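Read top to bottom, the protein sequences are chains A and C.
According to the numbering used here, the residues represented by the first sequence are 1 to 326, in order.
According to the numbering used here, the residues represented by the second sequence are 1 to 326, in order.
Keep in mind the hints are simulated off the structure, nothing from the lab.
Some hints here could point you the wrong way.
Calculated lysine-lysine pairs in the BS3-like style (CA-CA distance at most 25 Å, straight line) [as the list claims (entries may be wrong)]:
id, chain 1, residue 1, chain 2, residue 2
1, C, Lys151, C, Lys232
2, C, Lys245, A, Lys139
3, A, Lys304, A, Lys47
4, A, Lys245, C, Lys245
5, C, Lys139, C, Lys304
6, C, Lys97, C, Lys47
7, A, Lys151, A, Lys97
8, C, Lys245, C, Lys232
9, C, Lys97, A, Lys245
Here the structure is a predicted model, which is why all the values come from computation and not from measurement.
Protein chains: 2
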Amino acid sequence: MIRALALLACLAIGCDDPTVGAVANAAAPSPVATRDPLPSWNEGATKQAIEDFVDRVTRGTSSVPVEDRIAVFDNDGTLWPEQPIPVEIAFALDRIKVLHPDRDEHELLAGSGGGLDLVQVLAATHVGMTTDEFARTVKQWIATAREPRFKRPYTEVVYQPMLELLAYLRANGFTTYLVSGGETEFMRVWAERAYGIEPEHVIGSRVGLQYQVRATGPVLVRLPRVDLVDDKAGKPVGIQQAIGKRPIAAFGNSDGDFEMLEWTTSASGPRLGLLVHHTDAVREWAYDRDARAGALSRALVASKQRGWVVVDMQHDWRTIFPFESR
Amino acid sequence: MIRALALLACLAIGCDDPTVGAVANAAAPSPVATRDPLPSWNEGATKQAIEDFVDRVTRGTSSVPVEDRIAVFDNDGTLWPEQPIPVEIAFALDRIKVLHPDRDEHELLAGSGGGLDLVQVLAATHVGMTTDEFARTVKQWIATAREPRFKRPYTEVVYQPMLELLAYLRANGFTTYLVSGGETEFMRVWAERAYGIEPEHVIGSRVGLQYQVRATGPVLVRLPRVDLVDDKAGKPVGIQQAIGKRPIAAFGNSDGDFEMLEWTTSASGPRLGLLVHHTDAVREWAYDRDARAGALSRALVASKQRGWVVVDMQHDWRTIFPFESR
Numbered sequence: 001m002i003r004a005l006a007l008l009a010c011l012a013i014g015c016d017d018p019t020v021g022a023v024a025n026a027a028a029p030s031p032v033a034t035r036d037p038l039p040s041w042n043e044g045a046t047k048q049a050i051e052d053f054v055d056r057v058t059r060g061t062s063s064v065p066v067e068d069r070i071a072v073f074d075n076d077g078t079l080w081p082e083q084p085i086p087v088e089i090a091f092a093l094d095r096i097k098v099l100h101p102d103r104d105e106h107e108l109l110a111g112s113g114g115g116l117d118l119v120q121v122l123a124a125t126h127v128g129m130t131t132d133e134f135a136r137t138v139k140q141w142i143a144t145a146r147e148p149r150f151k152r153p154y155t156e157v158v159y160q161p162m163l164e165l166l167a168y169l170r171a172n173g174f175t176t177y178l179v180s181g182g183e184t185e186f187m188r189v190w191a192e193r194a195y196g197i198e199p200e201h202v203i204g205s206r207v208g209l210q211y212q213v214r215a216t217g218p219v220l221v222r223l224p225r226v227d228l229v230d231d232k233a234g235k236p237v238g239i240q241q242a243i244g245k246r247p248i249a250a251f252g253n254s255d256g257d258f259e260m261l262e263w264t265t266s267a268s269g270p271r272l273g274l275l276v277h278h279t280d281a282v283r284e285w286a287y288d289r290d291a292r293a294g295a296l297s298r299a300l301v302a303s304k305q306r307g308w309v310v311v312d313m314q315h316d317w318r319t320i321f322p323f324e325s326r
Numbered sequence: 001m002i003r004a005l006a007l008l009a010c011l012a013i014g015c016d017d018p019t020v021g022a023v024a025n026a027a028a029p030s031p032v033a034t035r036d037p038l039p040s041w042n043e044g045a046t047k048q049a050i051e052d053f054v055d056r057v058t059r060g061t062s063s064v065p066v067e068d069r070i071a072v073f074d075n076d077g078t079l080w081p082e083q084p085i086p087v088e089i090a091f092a093l094d095r096i097k098v099l100h101p102d103r104d105e106h107e108l109l110a111g112s113g114g115g116l117d118l119v120q121v122l123a124a125t126h127v128g129m130t131t132d133e134f135a136r137t138v139k140q141w142i143a144t145a146r147e148p149r150f151k152r153p154y155t156e157v158v159y160q161p162m163l164e165l166l167a168y169l170r171a172n173g174f175t176t177y178l179v180s181g182g183e184t185e186f187m188r189v190w191a192e193r194a195y196g197i198e199p200e201h202v203i204g205s206r207v208g209l210q211y212q213v214r215a216t217g218p219v220l221v222r223l224p225r226v227d228l229v230d231d232k233a234g235k236p237v238g239i240q241q242a243i244g245k246r247p248i249a250a251f252g253n254s255d256g257d258f259e260m261l262e263w264t265t266s267a268s269g270p271r272l273g274l275l276v277h278h279t280d281a282v283r284e285w286a287y288d289r290d291a292r293a294g295a296l297s298r299a300l301v302a303s304k305q306r307g308w309v310v311v312d313m314q315h316d317w318r319t320i321f322p323f324e325s326r
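Chain A with its partners taken away, still in its complex shape (with noise of 0.2 Å):
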């Protein structure tokens, strides 16, 4: 399926990743006209250093071998918003109120005297059943659950801008990946969905797992024990177990984001470090505009520096949701 869908993009918009390329040259003799592969952007620097990254990665001297072309993507807040709250509380806080009818939210949120803090919704919503369990859980959450905001799926509030940025990496030889302190199996049940991006390519943080065998047959039991907090430092940590590689694009938001964008940008070859700034209230939102303590400042005063590329929604993105442009 997705197969498909990276060759009906490199028909549709160009691309020359090699081994792709030469079959759908063979099969279509005459190329379709090149077309914008990413018209929510508006013309400027930040989609000028897109461009030149991928000509740079695919064309001529410090062209990267299509297994290497490597780009990893956080989620919350660059993939889709994080607020009012990040998606995958509003499950916990949801699944909270289905286990335990009799607390209300205001209570749950509110930590200790009483209610459950945070860690603990984490923990009572996550843990205790098996892989299984836990993935139609989130199926059908996620299949009914509106967004506060713009009351539609949290699936289709997704930043399209950042749509077309992964179809035409993928159609210029990208393997995309999704690097989250979101739980991996939470993001697996609809990351293929909102961003074609499968399973197997989503790395995020893990509890511990236990292989059982039941009368029904075996199954995979998820503890009570964090494996990995896949946020900060534990980026590389993450995508070094999964991919063994290291690799050549990062895109962020904050600061959780520092240690995948300065590993990813601290080799040699084309290198590519890209910060979501939130600076939209009319369309999105625009928490960090203002530069309140702590958020970003580390990797937005870090970005100058390091040539990180940083994207201003307000002036860079001419569509930021799917359903504007409908």
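With chain A's structure known, arrange chain C on it following the hints.
Chain C in isolation, oriented as in the chain A frame:
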């Protein structure tokens, strides 16, 4: 590189990966006549069972989507010999000789009594360096070390019938993974050359990693802490963490592979479990022919009840090593 080879294989021996196949057929309207994809396998029930499985996966009402055609292969004793000692142990002993030239091999293997035991040998040679340093050491060793019986590089002392099986599955749309008790980064160095299995498809035991920023740039340091023992019940855990899907075909040779075969074959749809039984003392080894206690007993007994295919190396394999037929 690998994708190019898959496309070529597809053109040469025929395949019905619907995405690749469609393009290949468009480019080459006169398909080449079908050749035996498994020439080193003698005709018989074992070979037939493999071909029947691939037919069921790729044709008719039971066919499996390409993205779910996941095949997992144990390494030692399944893709290459594990006698006289597993290759990774040979590496560790050679490294100890370099690091401690005053100790002799027998002392090292003796365990207690003043020598280093095997766990210490592995610890002393596998951790305390960066991932890049470890990979460099393994790369240098595997390029120069010789398998003691056949006096060739280890990467040439691999089972020819299994190489054909890997290529046959890939030509039919499968993704092939290495799932071994061996350490992940040790295997990643040479698995692509030996088997065509890319680093991101190597799942093994894992040591802890720590991200550090040094004056020369960031590194990942290998810690003296085992994060996953990818053996027995650890194999389904490693598979789920890395892939997030249940395989439909599993290949092993020992009780270390029991749970991997059980997990793979106990779900609906076409499933294949296969055990390599070492029965050829002349061309390879016959270390489990006499049914000594332990080793294969549980998996072999289970094979009848569970419908797992048992390869009798002496009778089922026409050729064992690639260099035999040259």
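Here is what the structure says about each hint:
Under the criterion of a C-alpha separation no larger than 25 Å, the hint pairing Lys151 of chain C with Lys232 of chain C is inconsistent with the structure, at around 31 Å. Annotation: proposed proximity of Lys245 of chain C to Lys139 of chain A holds, straight-line Cα distance about 15 Å (limit 25 Å). Using a Cα cut-off of 25 Å, the hinted pair Lys304 of chain A and Lys47 of chain A holds, with the two alpha carbons roughly 17 Å apart. Taking the CA atoms of Lys245 of chain A and Lys245 of chain C, the gap is about 22 Å. The hint holds against a cut of 25 Å.
Between the alpha carbons of Lys139 of chain C and Lys304 of chain C the distance comes to roughly 41 Å, so the proposed pair goes past 25 Å and is violated. Proximity of Lys97 of chain C to Lys47 of chain C is assessed by CA-CA distance (about 43 Å); at most 25 Å being required, the pair is judged violated. Proximity of Lys151 of chain A to Lys97 of chain A is assessed by CA-CA distance (about 20 Å); at most 25 Å being required, the pair is judged to hold. With a C-alpha separation of about 18 Å, the suggested pairing of Lys245 of chain C with Lys232 of chain C holds against the 25 Å cut-off.
About 30 Å separates the Cα atoms of Lys97 of chain C and Lys245 of chain A, which puts this hinted pair outside 25 Å; it is violated.
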